[in-house]
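Colleague: Note that the protein sequences, when read in sequence, are chains R, Z, F and Y. Numbering-wise (my numbering), the first sequence opens with residue 1 and increments by one. Numbering-wise (my numbering), the second sequence opens with residue 1001 and increments by one. Numbering-wise (my numbering), the third sequence opens with residue 2001 and increments by one. Numbering-wise (my numbering), the fourth sequence opens with residue 3001 and increments by one.
Just so you know, the hints here were simulated from the structure itself, not pulled from any lab data. Watch out, some of these pointers could steer you wrong.
To be verified - If you anchor each label on the Cβ, the simulated ranges turn out as follows:
| # | chain 1 | residue 1 | chain 2 | residue 2 | range |
| --- | --- | --- | --- | --- | --- |
| 1 | Y | Val3066 | Z | Val1065 | 26 to 32 Å |
| 2 | F | Ser2049 | R | Ala18 | 22 to 28 Å |
| 3 | F | Glu2087 | R | Val65 | 29 to 35 Å |
| 4 | Y | Glu3158 | Z | Lys1218 | 41 to 47 Å |
Note that the Cβ used here is the ideal one computed from N, Cα and C, for glycine as well.
Protein chains: 4
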Amino acid sequence: MLDDLKQQVLAANLALPAHGLVALTWGNVSGIDRDRSLVVIKGSGVPYSRMSVEDMVVVDMDGRVVEGARPSTDTPTHLALYRAYTEIGGVVHTHSTWAAAWAQAERPIPILGTTHADLTPHDVPLARPLTDEEVAGEYEARTGDVVVEAIGERSPAEVPAVLVRSHGPFAWGPTPGAAVEAAVTLEEVAHMALLTELLSPNAPALGGKVREKHFSRKHGPNAYYGQGT
Amino acid sequence: MLDDLKQQVLAANLALPAHGLVALTWGNVSGIDRDRSLVVIKGSGVPYSRMSVEDMVVVDMDGRVVEGARPSTDTPTHLALYRAYTEIGGVVHTHSTWAAAWAQAERPIPILGTTHADLTPHDVPLARPLTDEEVAGEYEARTGDVVVEAIGERSPAEVPAVLVRSHGPFAWGPTPGAAVEAAVTLEEVAHMALLTELLSPNAPALGGKVREKHFSRKHGPNAYYGQGT
Amino acid sequence: MLDDLKQQVLAANLALPAHGLVALTWGNVSGIDRDRSLVVIKGSGVPYSRMSVEDMVVVDMDGRVVEGARPSTDTPTHLALYRAYTEIGGVVHTHSTWAAAWAQAERPIPILGTTHADLTPHDVPLARPLTDEEVAGEYEARTGDVVVEAIGERSPAEVPAVLVRSHGPFAWGPTPGAAVEAAVTLEEVAHMALLTELLSPNAPALGGKVREKHFSRKHGPNAYYGQGT
Amino acid sequence: MLDDLKQQVLAANLALPAHGLVALTWGNVSGIDRDRSLVVIKGSGVPYSRMSVEDMVVVDMDGRVVEGARPSTDTPTHLALYRAYTEIGGVVHTHSTWAAAWAQAERPIPILGTTHADLTPHDVPLARPLTDEEVAGEYEARTGDVVVEAIGERSPAEVPAVLVRSHGPFAWGPTPGAAVEAAVTLEEVAHMALLTELLSPNAPALGGKVREKHFSRKHGPNAYYGQGT
């Protein structure tokens, strides 16, 4: 079942080590079939080097396994995002090094340049800490809630990634592949922002006009980057 | 048309990911046929993994497409450079990490060693910020203007790269391949200069005699590096 | 003899350069056959590019060669760990860059995030310095003693790695492959922790509840990460 | 002529990009035939991707070309080292990033750990600046002189590398391959030392006993690392 989506989710998972975003079995990508309300996600702890379409697990919107083995432990976080935003088609979680460093430093990533504005016109938000009760209870589902809380009033297209405090990034997009592109860009943005801080501890935020220009030339109705659709 | 130039420009574009200067679809290289006043440049948003000669777009000096699909959004910046300097045969733009960090820190790259002097005897200049009007209007063409402004009275052979503020580097040379070599060297120079600052925040500029020695042994009439032409 | 174990130890050694943990001939992994009280370890100074099962040396618990050429100079350190903890099945030593930097800075690696807690709920300990007498005598055996001392009252499953002061990490696990996984995770943890310090010199330690959650979801009787055994 | 030596020098040159020590056409390795007093060195500006044994140039001890095209511009520096020390059989020069950063910061690399002591029991010296006269005259030969001056009273086996100020490292050994191993180790040592400084700006020098232990277990008559000769 869901062969096409499984292939997409497999390819997106394999793109994570190819882009240097994960080590060992870390990280996971999922995709959703909105018509059937089913999500395909990587099996828990499967190594990338021998991952196949068989390792893609199908779960329903409550996280019950419909087909396959044990899904990623982070599945409830993915589901919280799919439930909150119908425009999201793919979700990715990694511990990519530079983004994780900002998460561990408990700092949002400030918008310091156009590479960042190509992804989002906002700082990359840092989710609030979970309470001890939230950690002790349904930890992964509550992690999804604080990610949604960090997006706040904005759309997930405008805020395509959030840092989970002391943990690492979640990113998303209309497809599993687009979610991975957001994660790749985020990691590069995190890297550049840290280096910028080393060179100039109080580097100014990117001006509003350039932010809008770069975000809108890549995203939305007036985009003129790429070959169209 | 322009088959030879297209092959050169394709090879130069493919050299960008090979040298680790670009992620995803970022970056672009162009080349010019001075006799016909035509420029070949990468199509907008084309992924490197499946880029072919078909993705090379031919434009005239006003940016009108003569052959191919939608050219890189940065085409007007490239054209501004070709118009300003007849000795330029290739132009490259990247968001390479370390050079972009200097651009985001809004600092020129100081000349701290001989690797830098092998490229240019000057600090790598930082272009002035664009005004809100310039951003709102023909943003990419105005970006070309501030790059030319940053070169100033000097020749583009002496100043083979400029940092666009909060954005990233443009580099150039007599051919598309030479432009990529300048971009590779610039990234290494940016990396070394940041590390040097960490070790010695007030490292002195390279002495004038060594600057001249290194630049002139690689460039100009008395060069003795390489196998000649 | 011990063909199976030799293959495991060979594969684990070859994983070191594949994960970027070693240069040249540095680093070594061993594995133990508890029934026969024999240890298989890499030969001393053998380059990874032409390492074969023939380069795996068999030694007894006193370090006497039972089969093969000269074993790794660090063999006595490995043996000290096997003698101290019967639950250890594999040991690895590297000079991996980021972990070695913490060792040279003579600082334990503070627990700053969930990637660290996935490995251990404790700071990664720094072994005490060896005395001049210990260095002059059986240096490698005494190095094993101070590693055991640094684990202290805790179990080697809870503390799967220690930094040898001014030197580099030792890591271990139930198998040679698991020991390498600990070393890979440690290096990533060391990298993230250093970057975190650059962004926030006084980043707080990860909260106790999240530590326990992450460590226990991957290790021990209530683990729910992975596909089970 | 000198076919064996040419093959060794070619292999040593090709090892530079394989170890990430050079970009583009930078860097060079040479080897000497002491019986014939002839040196084989890489041709100037030859790209590594299409380097063959034909690009190895034979020069005499005065730098006159005996066979082949134009030798590396740094040939006179190599020759100065061969003339000063009969025990040197191979010399390498790179602009490897982390070692070059120390050279640009005009700081010797302090001995902070055992990886360093495995290479040398001393700080890696920084050569004195060349005078304007030395730069204007036989620049490359004078560079060789200040490298020799930096080794001083010590042997080139004990001091297997020197940083040329604002430039980059030269390293050497009994063979071209051993020289490259010294350059690889030096780069790693430079990387670790910079990271150590970030974590602990006043990290103490490695104790004398451990220095001697590590250097002597790898080098000299009592070495017990490796498989012997």
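Colleague: Hints first: check each against the structure and report whether it holds.
Modeller: Here's how the hints hold up against the structure:
1. Taking the beta carbon of each, Y:Val3066 and Z:Val1065 are about 56 Å apart, not inside 26 to 32 Å as hinted.
2. The hinted range of 22 to 28 Å is satisfied by F:Ser2049 and R:Ala18, whose Cβ atoms lie roughly 24 Å apart.
3. Taking the beta carbon of each, F:Glu2087 and R:Val65 are about 33 Å apart, inside 29 to 35 Å as hinted.
4. A beta carbon spacing of about 34 Å between Y:Glu3158 and Z:Lys1218 contradicts the range 41 to 47 Å that was offered as a hint.
Checked against the numbered hints listed earlier, the structure breaks hints 1, 4; every other hint is satisfied.
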